[in-house]
Amino acid sequence: MSDNNSMLLEVRDLKTYFFLKKTLKAVDGVSFTLAKGRTMALVGESGAGKSVTCQSILRSVYPPGAIVGGNILWKGRDLVKLSAREMRNIRGDQIAMVFQNPLTSLNPLFTMGAQLSDAILAHRRVSKGKAKEIVLDALEKTGINEPEIMYNRYPCELNAGTIQQAMFGAAMLCEPELILADEVTSNLDILSQAKILITMKDIQKKWGLAFIMVTHDLGVATQIADDILVMYGGRCVEHTSMRELITHPLHPYTQALIGSVLEIEAPRMDVIKTIPGNPPDMYNPPNGCCFCLRCPQAGEVCSKRNPGLVVVSENHQCACFGVHKA
Amino acid sequence: MISRMLLNRLLFGFVVVFGVITILFAVLRVIPGDPARVLATAGTDEQIKELRKTLGLEKPLTTQYFIFLGKMIKGDFGKSFYSPQENILSLVLKRAVTSLRLAFFAIFLALGIALLLGILSGIYAGSIFDRVSLGFIMICQSLPNFWLGMILVLFFAIKLNVFPATGDHGFISLILPGTAVGLNLVAVLTRFIRLNMIDILNTDYIKAARARGIRESSIILRYAFRNCILPLFTIVTVQFGVLIGGIVIIEFVFDYPGLGLLTLNAVLRRDYPLVQAIIMVVAVLFVFLNLLTDISYYALDPRVRKAQLSQ
Amino acid sequence: MGRKELAEVLTKSRFGYFFRSIQFNNSMIVGGIIILILVVVAISAPCMAPYDPEDQDVANSLMPIMSMEGGSSDHILGTDALGRDLLSRLIFGLRTSLFIGFASVIIGVGFGTFIGLIAGYFGGWIDTLLMRLVDMQLAFPVLILAVIILTVAPPSIPTLLLVFSLALWPVYARVVRVWTIVEKQAEYVTAGRMVGASHLRVIFNYLCRVLVPLVAIIGTVDIATIIILEAILGFLGLGVQPPTPSWGNIIADGRIYITTAWWISFLPGLAIFVSVFSLNLFVDGLQEGTKLERIRK
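Going line by line, the protein sequences match chains A, B and C. For the first sequence, this note's numbering begins at 1 and goes up steadily by one. For the second sequence, this note's numbering begins at 1001 and goes up steadily by one. For the third sequence, this note's numbering begins at 2001 and goes up steadily by one.
In isolation and in its complexed conformation, chain A is listed as follows (with noise of 0.2 angstroms):
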């Protein structure tokens, strides 16, 4: 995380709130930076927060959600003060997002190529047959097979593979300098999985996008993010590059998720190792860390105050009494 003037993205204590019968604390004092041109993975068990965060930097949160505190930085501009028509104008053009569902992000009722075709005349003034040519143009670029096939065929005529690989292509489009990736992977078979990987990998080396991928499979973030931010109960608990994250890992949270990955070489497991307990109740988010009920390592303090991310050292962050101590 180098000097503040380069970095693309700057989230400062986000703070969104779904206000249902009870009020749920979805995303509860996220911060971090992403440079131009970095992949961060967002890392973390169901309901800690992630897509809301990616929904909260689109500004995609609809009622009863809403952001109820702190600054998202884009390029210097607040994106939460923006009007809805300037947000719209970000959205797919400078940031875009691809979803967990690729068999639902499609309307069924009109071609593929179609709904991609609307999403370049949502931003730019061309002519319908140019807005096609683009739309081929990206297609290819993400590595899909006789594209102008592909464009006149219903999503139920695609297999999920290649619907990811041309949502990838959406949101290619309008040359964005960000895409949030939402579980992109996590509906795929192994296969697929990797062929999105590989066109993530190209379409950065291409273009030099940054990328933001969700995921709760750390094996997939360790393939392809530079920084990791691994979040728990709707807060940061560590924040690191890859490397000083396997190497290094210094949150009780994270330290339990590597100890649980599989590994297809590993001696086979009699007790296979998990986080004993369940995630936290967004409803009634613990006063102290959120982990402290589930932490090996949980201390007093844990319990009454919540540790706010600190830096360890360059390039490390963690949100943790024990090293904040140590």
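Please note: incorrect hints may appear among the correct ones.
With a straight-line Cα cutoff of 20 angstroms, these simulated EDC-like cross-link-like pairs (lysine to aspartate or glutamate) come out [what the hints assert, rightly or not]: (1) B:1159 / B:1255; (2) A:22 / A:10; (3) B:1306 / A:157; (4) A:21 / C:2288; (5) B:1094 / B:1255; (6) B:1207 / A:281; (7) A:201 / A:140; (8) B:1207 / A:86; (9) A:206 / A:189; (10) A:22 / C:2288; (11) A:141 / A:177; (12) A:36 / A:10; (13) A:75 / A:86; (14) B:1159 / C:2069.
If you anchor each label on the Cβ, the simulated ranges turn out as follows [what the hints assert, rightly or not]: (15) B:1116 / A:159: 35 to 41 angstroms; (16) C:2050 / B:1284: 30 to 36 angstroms; (17) B:1216 / C:2194: 31 to 37 angstroms; (18) A:296 / C:2194: 35 to 41 angstroms.
Quick caveat, the hints were computed from the structure, so don't treat them as lab data. From the three backbone atoms N, C-alpha and C, an ideal C-beta is built for every residue, glycine too.
Let chain A serve as the given structure and place chains B and C on it in line with the hints.
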């Protein structure tokens, strides 16, 4: 491809019509007592003798059946008890057309209102507009349509003299009865469209389209609208059956010379040949309507096309 | 799933737990209160009605509502062509409508649920056969069927109940069948079978416990459907026969006087509206309170 599906549906249609013919035949024979007597309780002895001959009640059952079948196919329904001089088939068809005009008017009126209210309440679900709209819908659902018909006649036709109270004088005669018939339909359709719209606006593909930066107005008018409209075909077809009940009673209230009124009178007066003819015509009509719906689905929904092709 | 969890699931499906988890909302309360008032009035009809509904008093015929010219406090809602007090007739008509509605729903919905359970649970040819029957009846407009039956058989209360039950059962058979097909694969059913429950026991003890509250809620709305259907048939002269008052036949009676003594036809319709509206309101509120919204046909 499409021709195979058409063939399939047509075949099914024939089976249904065939089934109806068989039921018509069976029902009369199953009732205890002399079928001719049962039918023509109000007929003269002459008519009863004629009926016995027409029904061929002396012959063995299977022969009767095939004669009956033959007649149905040829469209020979015999003579009505109360107006023996008229050709039953042309009478029924003429009245059917009159009723269909009323039905379509009611459907279009109901659809128009339902789309407006339904889509808007779906988009602004939970808002005051939505609540008021739901309240209005509930009132529509709860009003007995024949009573409303009478009130409408009293007010608009008699007191204000704007619309005709009875009979068929062209388009203007459609308005009051059409409103009465369409009343309940509006409620059902609006509720459905509203729920559908709410669901659609929550789908991933709409969220993805928003994330691509497409304008909200475009999303609603192009994408969501089409997704919302599609299932309406089935709903309207299903509701058609309910609609028919409404048409019958409304035609009675407004003395509108349609098939409903004819059926009601025919049944009440036990004019069996007429009832039989009506049932046949309606059955064929239904089959045709179902076929139309299937074709429209095939044309409009790529998922249906895919499913058909893979068969 | 062990025996303990199985027992838990079954107890949780009992009425008590179910009703404890209802969240009250406005529609439910308002609708419920009106229904309660109507039921009380219906039950205590002989006490509440100022006159005998069949008491004729031709001298005072066609009296308007009390607040209008010519009205009097003797007959608050006026009288009909034969001088019978309208208010009393309406109250007794309420009694008839509610009774018929309730009874028809119990019979029709009960029967339909039973058929749906059997068809859905056993599948195979039983399912196909039963569903074909359902389809055949559904294709035929209810009103015509009712009219035909009531023309052939005289309109007595049992016949009417039969007709209305016939009107209701197919839809329930269909819906319950679909529900059963899905539900019979649920864990608690499999667990029950493994513990040795016979098919009969599974159907009546397990599935029914969960099903009955659902059906009861949805079925309540059809009381309104029957009230309207009964009014239509009464209007056509095929329902409850005069001189017994039913809202339908009162409206029919008033039809010829519509331009002069409009209240005879107007008031019963209003009564129908209030009953149906409150029922719809109540059930809507109930559906929201128990989050059952999507189960509707």
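Hint-by-hint comparison with the structure:
1. B:1159 / B:1255: holds, 18 angstroms
2. A:22 / A:10: violated, 30 angstroms
3. B:1306 / A:157: Answer holds: residue 1306 of chain B to residue 157 of chain A is near 8 angstroms, not above 20 angstroms.
4. A:21 / C:2288: It holds: about 14 angstroms lies between the C-alpha atoms, which stays within 20 angstroms.
5. B:1094 / B:1255: holds, 16 angstroms
6. B:1207 / A:281: violated, 26 angstroms
7. A:201 / A:140: Holds - the C-alpha atoms of residue 140 of chain A and residue 201 of chain A are around 15 angstroms apart, at most 20 angstroms.
8. B:1207 / A:86: Given that 20 angstroms is the threshold and the Cα spacing comes to 18 angstroms, the pair holds.
9. A:206 / A:189: violated, 26 angstroms
10. A:22 / C:2288: holds, 18 angstroms
11. A:141 / A:177: Holds - the C-alpha atoms of residue 177 of chain A and residue 141 of chain A are around 16 angstroms apart, at most 20 angstroms.
12. A:36 / A:10: Given pair residue 36 of chain A, residue 10 of chain A holds - Cα atoms ~11 angstroms apart, limit 20 angstroms.
13. A:75 / A:86: Holds, at about 14 angstroms.
14. B:1159 / C:2069: Holds - the C-alpha atoms of residue 2069 of chain C and residue 1159 of chain B are around 19 angstroms apart, at most 20 angstroms.
15. B:1116 / A:159: 35 to 41 angstroms: holds, 39 angstroms
16. C:2050 / B:1284: 30 to 36 angstroms: At 55 angstroms between Cβs, range violated.
17. B:1216 / C:2194: 31 to 37 angstroms: Violated - the Cβ-Cβ distance for residue 1216 of chain B and residue 2194 of chain C, about 53 angstroms, lies outside 31 to 37 angstroms.
18. A:296 / C:2194: 35 to 41 angstroms: holds, 39 angstroms
Violated hints for the displayed structure, listed by number in ascending order: 2, 6, 9, 16 and 17.
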